[in-house]
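One-letter residues, chain by chain:
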Amino acid sequence: MESIGVLLMCPMYSYLEQELQSRFNLFKLWQQPPSKITEFLKSNQRTIKAVVSNARVGVDAQLIDSLPNLEIVASFSVGFDKIDLKRCEEKGIRVTNTPDVLTDDVADLGIALILAVLRKICPCDGFVRSGKWKDGDFGLSTKFSSKPVGIVGLGRIGSAIAKRAQAFGCSISYHSRTQKPLKPYKYYDNIVDLAKNCSILVVACSLTDETRHIVNREVIDALGPRGILINVGRGAHVDEPELVSALLEGRLAGAGLDVYEDEPEVPEPLLRLDNVVLLPHVGSDTVETCNAMADLVLANLEAHFNSRPLPTPVI
Amino acid sequence: MESIAVLMTKPIYSYLQAELEKRFKVLKLWEAQDGSRFLQDQNQIIRAVVSDGGTGLSPELMAALPKLEIVSSFSVGMDKIDLGKCKEKGIRVSNTPDVLTDDVADLAIGLTLAVLRKLPASDRYVRSGMWKKGDFKLGTKFSGKSVGIVGLGRIGQAIATRAEAFGCKISYHSRTPKPESSNYTYYPSVVDLAAHSDILVVACALTNETRHIINREVIDALGPRGVLVNIARGATVDEPELVSALVEGRLGGAGLDVFENEPNVPEQLIELDEKVVLAPHAGSGTEETRKGMADLVVGNLVAHFEGKELLTPVV
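Chain order of the listed sequences is G and V.
If you're matching positions, the first sequence starts at 1 in this note's numbering and goes up one per residue.
If you're matching positions, the second sequence starts at 1001 in this note's numbering and goes up one per residue.
Quick caveat, the hints were computed from the structure, so don't treat them as lab data.
Hints may contain errors.
Only pairs whose alpha carbons sit at most 25 Å apart, straight line, appear in this in silico PhoX-like list of lysine-lysine [what the hints assert, rightly or not]:
#	chain 1	residue 1	chain 2	residue 2
1	G	K28	V	K1132
2	V	K1010	V	K1028
3	V	K1087	G	K36
4	G	K134	V	K1133
5	V	K1137	G	K28
6	G	K163	V	K1010
7	G	K82	V	K1133
8	V	K1137	G	K132
9	G	K132	V	K1169
10	V	K1145	G	K163
11	V	K1089	G	K28
12	G	K36	V	K1010
13	V	K1132	G	K82
14	G	K134	V	K1010
15	V	K1275	G	K134
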């Protein structure tokens, strides 16, 4: 299989890179100067049969069209919003992702963000490290247990967040495209009502045309000055400028963000707020999960090139 | 009741003080120029003491108050009150159990997640602009790990319930096994508990038996990939041993809300900014819970002086 060309879109997990290197003819896109990319793709377009992408760097129509022998796009992520699925489908290109193996980690991070925002864990840590504790107590934070939690998107990750939050005595409600009759939580067919009825709103849905900016000013205002927003979905789920002004004006109590509209850029005003927790898109960034995700990417590629059923196809 | 003199040992919480002042004659020990003189002058009228977990009731203070009938502590921990002596002298003692159980358990989970997923370090990474230069390092998964709890009382049980929702395997050590917790594995030895845990959480009361219950042997059993979380009392842990284990890499990480000599924290812990998360004894420090605790302190005093059953008696 060493002759099969695989294009790696950006630096990813070293274990994944090494395995791809040893099993395939690996091309590293980021090692090409931007001006030489078209030429590079042209020279290698016959060999490249697979692309490995992730949450940050996608696969658009232009790239797809420049690789006439492309058979499969294997994403090192569960989200595939940056892959032009329509173009892939048109051309019979398979697309795979990494669901399930990262569900727990992302759900854990959702809960971690809630606790960190409400209980001010990062400022507390800073308070002790700076020596300020010797001058007086920290001040009071906000309780998490028993607060009403609203989840946008009750898929694998949303359900896992719900299960965890329930153990803290929280009541769970949700909004999604359709109601899930098997789930014992209260359903709201519109997100504004969900926001009105919870004090912690967690975004856990996939990014589609319908969910772009699903958290807008109206939703933020409904969540209110005592509400907090947690985003472990995609930055584009939230109208970021609206979020920033709501936080600056005190119309929202706090936010825990793992994703942003233009990563790795984070709106400058957020960097100075102590009622927000800002993480660098680490939802699935544990050794255990990255290993499992890498194995799944490799398994999908191996299955495809051995004409076996794909373990986790999107299309 | 307004003539009953209640001594506050320190300024604890303004809401508590205000509620006490509505009902009693509140004497403030910290405002006295000469504490002993003040007590001498007032010792015939002081019938109650309100204190907190860290200050308790010193033997000197007990000796100075011959008319003392009740100590109402703004804490669940009783380690700074000589309960045996109080019983001997017929002095009632009340604490604030249950109202703070959720908050302390929440912080235990919050600290665990913050250590494993490197939350404060990741947040600093974003704020410092480092994310623009490259991704942060990987953390460690929480879900599915083995959690060992030292002390399966109210707080220990609440921690177990939460950790279970993350698919964690729960085991515990306590003075005696708890038959109603048969789904958790009991270890008669803390060292064995540590050897079988990825995360060891200290949640027991501080007594003569539990002083330094977490010693070098336990820490070594927990090991270089293990994490210690302490939301109980600093003195349950041999702090110098903990510090050297972390510095030498013999322990993977720690989440600490309590220390042997608060508010002093060993300098080396402050230097370990990735594997250690520190909090300023904030376990019950939320608006909701402190108010609940204050109401309980006042409620116990009122009950006592009305000749009724104490709400939450210890002695």
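Consistency of the hints with the structure:
1. G:K28 - V:K1132: Within the cut-off at roughly 20 Å; holds.
2. V:K1010 - V:K1028: It holds: about 7 Å lies between the C-alpha atoms, which stays within 25 Å.
3. V:K1087 - G:K36: Judged against 25 Å, a Cα distance of about 85 Å means the pair is violated.
4. G:K134 - V:K1133: violated (36 Å)
5. V:K1137 - G:K28: holds (21 Å)
6. G:K163 - V:K1010: Cα-Cα ~42 Å, so violated.
7. G:K82 - V:K1133: OK: K82 of chain G and K1133 of chain V at ~22 Å, within 25 Å.
8. V:K1137 - G:K132: violated (29 Å)
9. G:K132 - V:K1169: Violated: K132 of chain G and K1169 of chain V sit about 37 Å apart, past 25 Å.
10. V:K1145 - G:K163: Distance ~17 Å between K1145 of chain V and K163 of chain G Cα, so the pair holds.
11. V:K1089 - G:K28: violated (79 Å)
12. G:K36 - V:K1010: violated (71 Å)
13. V:K1132 - G:K82: holds (20 Å)
14. G:K134 - V:K1010: Answer holds: K134 of chain G to K1010 of chain V is near 16 Å, not above 25 Å.
15. V:K1275 - G:K134: Holds, at roughly 23 Å.
When the structure is compared with the earlier hints, violations turn up for hints 3, 4, 6, 8, 9, 11, 12 and for no others.
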